[in-house]
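Protein chains: 2
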Amino acid sequence: MAGKSKQDEETFRILADAPVNFYSGRISCIRSKLVDLEVEAVLFFDMKNIRYLIGFSGSDGVLLVGESRVVLMVDGRYVTQAKGEARGAEIFEYSDKIDGIVEVMTDSGLQTVGFESVAINFDHCLSLKNRLDGLELRPVSKEIGSLRAIKDQNEIELIKKAVEISSQALISTLELVRPGMSERDIALELEYRMRGEGAEKVSFETIVASGRNAALPHATPGFRKIELGDFVVIDYGAVYGGYHSDETCTFVVGNITDRQREVYGIVKDAHDRAVDSVRAGVACEEVDRIARNHIESAGLGKYFSHGTGHGVGLDVHEAPRISAESDSYLEAGMVITIEPGIYIPDLWGVRIESMVLVEENGCEILAGMPKDLRIL
Amino acid sequence: MAGKSKQDEETFRILADAPVNFYSGRISCIRSKLVDLEVEAVLFFDMKNIRYLIGFSGSDGVLLVGESRVVLMVDGRYVTQAKGEARGAEIFEYSDKIDGIVEVMTDSGLQTVGFESVAINFDHCLSLKNRLDGLELRPVSKEIGSLRAIKDQNEIELIKKAVEISSQALISTLELVRPGMSERDIALELEYRMRGEGAEKVSFETIVASGRNAALPHATPGFRKIELGDFVVIDYGAVYGGYHSDETCTFVVGNITDRQREVYGIVKDAHDRAVDSVRAGVACEEVDRIARNHIESAGLGKYFSHGTGHGVGLDVHEAPRISAESDSYLEAGMVITIEPGIYIPDLWGVRIESMVLVEENGCEILAGMPKDLRIL
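Which chain is which? The protein sequence lines are P and G, in order.
Each residue of the first sequence is one higher than the one before, counting from 1 in our numbering.
Each residue of the second sequence is one higher than the one before, counting from 1 in our numbering.
It is worth saying that the hints were derived from the structure and are not from the lab.
Check before you lean on any hint, since a few could be wrong.
[Stated by the list, open to error] Just so you have them, the derived chain P footprint on chain G, three or more residues with Cβ under 8 Å:
#, stretch
1, 30–37
2, 78–92
3, 97–106
4, 155–163
5, 196–210
6, 213–224
Note that the coordinates shown come from a computational prediction; the quantities given were computed from them, not determined experimentally.
Positions of the beta carbon are idealized from the N, C-alpha and C atoms, including for glycine.
Modelling step: build the complete structure from the supplied sequences, incorporating the hints.
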């Protein structure tokens, strides 16, 4: 059995089980915002936020955080798990979610409650509003959207472990890559190795895009077989203790043209310049601009068709966004990606992505793969 | 390299590339509903519905289906993929999604447009409504919620192939299972084998729950090692050509108590009775009642904490629901699960799940694992 998990159970428990006071501190942080939000409590629907606030890792439920009560509402499938995992919260079992929320809110005598308006669909929200006679629901997603953006030491350790797992898996997968191997088989081997190294799952569907497929930023690994001279873009990540890694490497197979070498260099320089610009206090849009300006100055701006990066944590994409539309500023403790790319339709593409930890006076590149041009 | 994909590329292409007229038929079906819905067009946000209607398999985008125009709106990451995949649709590139929708709707001169109100979050919906001066948006999710419920022959073939892949993978994984192997390692081997058999991905995070963990209907595979006398619940599935399989087997390891044998038998009978009741025209709640009554009559009703089943297709959970709250009726061509379970907190649990194809006078159990008690 090649896939025997290397993960040390004890290490996992220490890292993944944040001390209870982590959770109570996070709940206190929400409570401290209630006055500014002009609400008596907040209803959370985003399961990652619920996990962050009380430790419950189930895939369905609702959390109410008020001044006096913290109530986790779940259906019958999750009651036992909730009792085992949720810290500092009452457990309330519902058979219908809307009924359950109405009952808990009414019993709590609340009048004005904030809710995660980006984490509930329009229909459910309308049903809920219609049932809550005399109680006002106020959208607060914007105000709490950066709740998890700044990571504490425990979270950073988990992210570093996820990065280590994924890069170890890529190193051993690369030994197999040669012309004739399909994108799907590379993705399969890489995912298997990440799990074998201790990932609880993969961060997202691994992208292995070769040749013309590399011109698709979000390609799905297909049957195409690697050929000599291909760029191969591998975008991959592992989850450890709930925390994600996210990295992209672009390799060349066998031989390389001058044009490929040139474009790789442009993306690498854009990546390096953006990384160099990262420190607390810098506007996210400024980091994006630095990467984008470099690619634009080479006349390839129209081929850089996405933002420069995003926060990573319990979600693989979370606040802050590193893009032209962002109005956020970097703060120490944020973990973000820097991932410029150039995609030339029907020809090929290059993306280079690293995760960095924002510090007061710069950033730490989280250990991962080297980003210098590598010919396989 | 053990994981060399066995999948035959040619077979995959034939099955996965539905003929163009499949898509045009599906678009016609939406158009035929416009009058009843009292709208001129429908905005789709659910990526599975978008894939179903035009074949685009990207993970972000919006589709407008009107009497005269079918427009797929995507951002820069997906333009090349959209041009390659989308059948019978114009491609419109946006940099901001809301801006893009507003532009396309305004240019089309529409006045009343239906939208998938369960597939857009409250914030986005509000932003969109605020930007659409004089244009009315009308929620139509309920009316089109069963769009994909009845499968055509091509879809059924893909589902059968997904079932075959996943059960083949389980058969070979079971050869490895013995006391001392961890839940995580069983899940890892099973997922690797599904991918090796040709799955493009797994349907959902595989559940391997042993001993006390088997009492959690939605357990995450952990470090617990299999022990003699354990029930091991394995809930797993593969995706092929976009279509999912979903099956649950419960095994016993080594030896079994009388009480375990009895409870397994109750769940198995509930499963069999529900399967026997499936045919076109039967109410979904009736199928649920048949399984539930059997478990209740054994005095264990409170330990059956979820619905009896659900439709399966491009999503692993889709219409119809087989539960006490369902107001749907079975129709020929639906593919549903039947999955009763009994979960005794802190002791153990049993779930048995099969996929069945609804027919006029009964149903076809889609090939999978036998469901008689098996001692590993």
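Right, here's what the structure says about each hint:
1. With a cut-off of 8 Å between beta carbons, the stretch 30–37 of chain G has 0 residues touching chain P; three or more are needed, and the interface restraint is violated.
2. For the stretch 78–92 of chain G, the stated coverage by chain P is satisfied: 4 residues place a CB nearer than 8 Å to a CB of that chain, which reaches the threshold of 3.
3. Proximity of the stretch 97–106 of chain G to chain P, defined as three or more residues with a beta carbon under 8 Å from a beta carbon of that chain, is not established by the 0 residues found.
4. Only residues whose beta carbon comes within less than 8 Å of a beta carbon in chain P count, and the stretch 155–163 of chain G has 0; fewer than three means the coverage is violated.
5. Residues of the stretch 196–210 of chain G with a Cβ under 8 Å from some Cβ of chain P number 4, which satisfies the need for three, so the listed coverage holds.
6. Closer than 8 Å: that is the beta-carbon criterion, and the stretch 213–224 of chain G has 7 residues meeting it against chain P, so the requirement of 3 holds.
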